Every structure is written in structure tokens, then in C-alpha cells.
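Please construct the entire structure, taking both the sequences and the accompanying hints into account.
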Amino acid sequence: MCEAAGDDGGCGAGTAPERRRRAPAHSHPRPCVKCGQGSAALIIRLGDAFCRVCFREYFVHKFRAMLGKNRVIFPGEKVLLALSGGPASSAMLRQVQEGLSRETAKRLRFIPGLVYIDEGAVRGQSAAQREQSLARMETLLQATGFPYHLAHLEQALELPASILRPGPGGSGKPSPSYKDAVEGFIQQQRQEGDGDGDTLVPGLGTRDTPVGPPAAPRLPPATRTQELLRLFEAVETPTAREELLQMLRTHLILQTARTRGYTKVMTGESCTRVAIKLLTNLALGRGAFLAVDTGFVDNRHGDVMVVRPMRDYMAKEIAFYNHFFDVPTVIVPPLPTKRREKPSVHRLMERFLLGLQEDFPSTISTVYRYGDGREAEAKASSESQRCLLCLCALDIAGEEELALEPTLIMEEPEPVGNGCCQDTPAAGVESRAAFIPLLCYSCRLTFKELGPLATLPPYVRAEAQRRIRRAELELQSQEVLPEDEEPGKS
Amino acid sequence: MAAPVSLQVEFGGGAELLFDGVKKHQVTLPCQPEPWDIRNLLKWIKQNLLKERPELFMQGESVRPGILVLINDADWELMGELDYKLQDQDNVLFISTLHGG
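Taken in sequence, the protein lines are chains A and B.
For the first sequence, UniProt numbering puts the final residue at 490, and the numbers step up evenly by one.
For the second sequence, UniProt numbering puts the final residue at 101, and the numbers step up evenly by one.
Where hints are given, some of them may not hold.
Stated by the list, open to error - Not everything, but these chain A residues come out facing chain B in the computed CB check (under 8 Å):
#: 1; residue: A41
#: 2; residue: L42
#: 3; residue: R45
#: 4; residue: P87
#: 5; residue: A222
#: 6; residue: D312
#: 7; residue: E350
#: 8; residue: G355
Keep in mind the hints are simulated off the structure, nothing from the lab.
Note that this is a predicted model, so its numbers are computed, not measured.
A virtual CB, placed ideally from N, CA and C, is assigned to each residue, including glycine.
Structure representation (C-alpha cells):
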């Protein structure tokens, strides 16, 4: 990273944070700092003026450099791009398209697929608006020629409980080194004949979407939408609502990856987004998980690795790239806030950071770099040591020191028979308090604001029940074993 | 007296949601004693185009942090920002990079 930004050289200005230098008026046209010829079109980093051509080169190079540096995506691997229609993920898609259309030596060698989650139901879109967004998105996905998958947030209610368990792999067989994998891939290609003109062939075998004009997108049944809305309305704070949305989205993407055989997922968080998320997560008590939550690699799911290749780009760079090079996007409205509700921590943090960035243009990159220094989480050996909701290793050792006690207290605001029509026997009654030990510090706080158990997604409740039962069994067997091994079969 | 100025004003990246979802606006700024600059234009937009919740678009006399401004397809930071003197037929584009409302 070149630290000596700006053109006035020598930075002996002391330790005060660099204030933004206002560009002198009427300095246009200013030459590009890179080629010195083209007239500058935008300013990036700390005052570097770039022309369009050099900016494009810089942008495209950055993506390849990110993948090249990290070496986690193997040639021939199936990679699912998670698209929201927003600027960053759309720019990511364009980079992959660019990378695949390059000449052989520089071509990206993985096999992309696309997934889009329609969240219109909770974003306050009407059925007509949802269909419109979906149709636009589908046209866009189809135009890429890559296989694509559409899902509705409502489908999160039908997820299997297994989504909350880390998949096999990751810990088991040691994966081959990146170098071996590349060599193996090249050899395989040679054997298949020199016709590597169409590398897409292996991937397209799995195309599961019909070719042709997109049919009218079908929205999920209204009862499902109602159920989803009930879940979101029961949530007490906008912060918890944002967290819930993120969780459901992640699980749906993961499910798509698992059922369709993708081993990597790419998400499009920009540097700006990563910095905001980093501070937000600190505020939410997720400091222990900064590395997994915001790093390049997120391996918490075991079998499917999430990578964030856009995390080196500023939101500004992405917006300019999309504008200059006609990258299409589909804008969806933000989560609506209720009247008299305070904004979520996520939004406050966005406002705070961008406000600072305005006067101190190294704010975002400083926060971002801070995150890079975090170490990966401690390994969790068994699933019972992972948080039920976020799947991070539980950070609750030493409850006394960690101010965890308040999280253990749980009021039970649900009197028996409040419409919860379950005829479970007394012993098996779901209690909110029983969930608490399954959660990490931050998810405990979020969970308290998620509303009654009855509206929680079924897969979360099912998995919680399983883990609670398991813990009970373990406890019983521990009690039984030391006592002379009676044939105590109950 | 400066002559009236015709501009194309555009909104993108979600900023259009504050303007009835309309992305492109053809506007003609009336005659006024001083020449039109971006500072005045923003004031004019606030009074004439902005439908609701001005705090989501403006902050003080400038745009809210996180909203980018392009003048004739170039970064306004290259053009003097609020002090840029508008010319007839200029194109001013506002792109939001914000998530929340």
C-alpha cells in the first residue's frame, strides 16, 4: 500500500490525522496521476486523480490481485456468487465476467453460478413491486449465461435444521495445496484435448434454469409471506431485525450452495461496508468474531467457504465503476423502520463512519486495516460449542469475568396458553431460557429482542430442541456412569 | 443577471427513492443575480424536487456523506464541489452509496 498519498511529498506533518484537502476550484481538467495524459474523471484514495482508462485497469486488477493473493479458489471449483442487485455485488459479477472472458493465460478458472434472494416481503415492497424487481433481476441474471438460482426470503421458513450445523470437511481430509490443484487442473485440461476455448463446459452441465425469456416470476404463497412478516413484526428492535435478515439470507444462500454442489460462496461487501460492519459488530458484542464476520475467508460452515473478494474496494470506487461502465443494478428499498423507533446500530454506525470519512478521508481504510490484524477465532471442536444462530465458536468461557451474567437472566413474558397451541408435555415445553446457553454473547442479546419463540423460524426451533435434548442426555449419562454401571435403562 | 440555466439532474443508487422514484429530471433554474453554483442548486432541489425527509439527502448546505456527486460524468471533487459554477446543459448526477434510510 502506498502510504505517501498526495502529491506534495514528504509527510512530516506530525501525527495529526490527515484532514481532507479541498480541491482548488476550477482545477479541471486535471491530468491522471497514472498516465499523466487522460483528463481525470475521479479522485480515489487520498486525492489521487484517475482517468477512466487507468481507473478501469486499476479496478479490474484489484479483483484479480485479491483472488491471486489469497489463493483459496481452486481451478474448476464451483463458486456461487451471492447477488443482491446492489452496486457492490453487481460490480463483483462484472469482474467475474471480465475474468472469464480474458485470454487463456489470465483467465479465471472457476465455474460461477449466481443466487439472488428476494427480500421484498420484509423491505416493504408490494406484490407488484416485488414481481417487477424480480423480473428485472432475472433478466439481468439470465443475460450472464451463468446458471442462476432465485430464492425468496420466505423459503427460509422451510430450511432444514441441519443448516445450523457445520458441514463435513474443513477439518477432515487436508485439502491439496493450491499449487498442486492448479497443476492438476492444467494437466486435466491438456488430456481433454487442447480445445480449452470453452472452459465453461464442465460447469454448464449443471444448468438447471430453463433458457428463454424469463417466465413471470412466482411469488411464494401469501400465507408464507404473512408468516415471515409476523416473524419480523415480533422483533422488538430494528437492530435485531437487521441481524435476523442477515441470518436468514446467509442460511438461504448456504442452503443453495449445499444443495447445488457449490463449495465456495462469494459475497460483495465493499471496504466501506466491511468497516461499517466491523464497528457495528463491535458494538453488538461480536468482537470475538471480527475475523470470520469481516475477513476475506469465512469458514464457519465447514463445507462451504464464504469469501469476500470486494473488500478492498471503496463504495465510491464501485459506484463510479458501475456508472462509467454501465453495470446494471436493481435497487431495493431498505428495511422500513416503524414510527418513533430509533434507527438500528447498523444505520447509526454507517452515518457515524461516513460522516467522519467526509472530513478525514483515511477513516474507512484505517478501520478496515484494523480488522485485518484480527486473528481467526479459536477452533470449535464440536457443534455444541458453536452458537446456534451465527455458528461461531462460543465465547462464553468465564462467564463471571465477561459480563455475561445479565445475558443469562431471561424474563419469561409468555404465560402458558397465550395462543401457543402446542400440546407438548410439560418436560418438553420450549422455554426461551433454554436457548440462552446455546448462544454466543452477541446472539443472546439479539435473541432477547427476537420476540416470542412461536414466531421464530421452525428450523431454528428444531435445531435448538435437538441440542437441548442432546445436552440433557449427556448430562444424564454423566450422572449414570460413575455410579457402578447399573443397568439403568429408562 | 445570470441567464436561466437548463440542467439534467439525475439520481441513482437509491437516491431516486427520495424523488418519487424518478431518476432523470430536466430542470430550468430561473434568473438570479449571482451565477448558479452547486450550493444554490442543492438549495433549489431541496425546495423544488425533494418530496420528503430532506435529512436523507442533505446535511447542512451540502449532500449527506455517502452521496456522490458527478458533474458531467466527473467527480465533483475535481470541479470545486459546492463552488462549481453551473453552465447551461450541464449534467449533475447524485449517486447514493448508503444502505439505510
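Results for each hint:
{"no.": "1", "hint": "A41", "verdict": "5 Å, holds"}
{"no.": "2", "hint": "L42", "verdict": "4 Å, holds"}
{"no.": "3", "hint": "R45", "verdict": "12 Å, violated"}
{"no.": "4", "hint": "P87", "verdict": "6 Å, holds"}
{"no.": "5", "hint": "A222", "verdict": "25 Å, violated"}
{"no.": "6", "hint": "D312", "verdict": "16 Å, violated"}
{"no.": "7", "hint": "E350", "verdict": "6 Å, holds"}
{"no.": "8", "hint": "G355", "verdict": "5 Å, holds"}
Hint check: violations occur at hints 3, 5 and 6; the rest are consistent with the structure.
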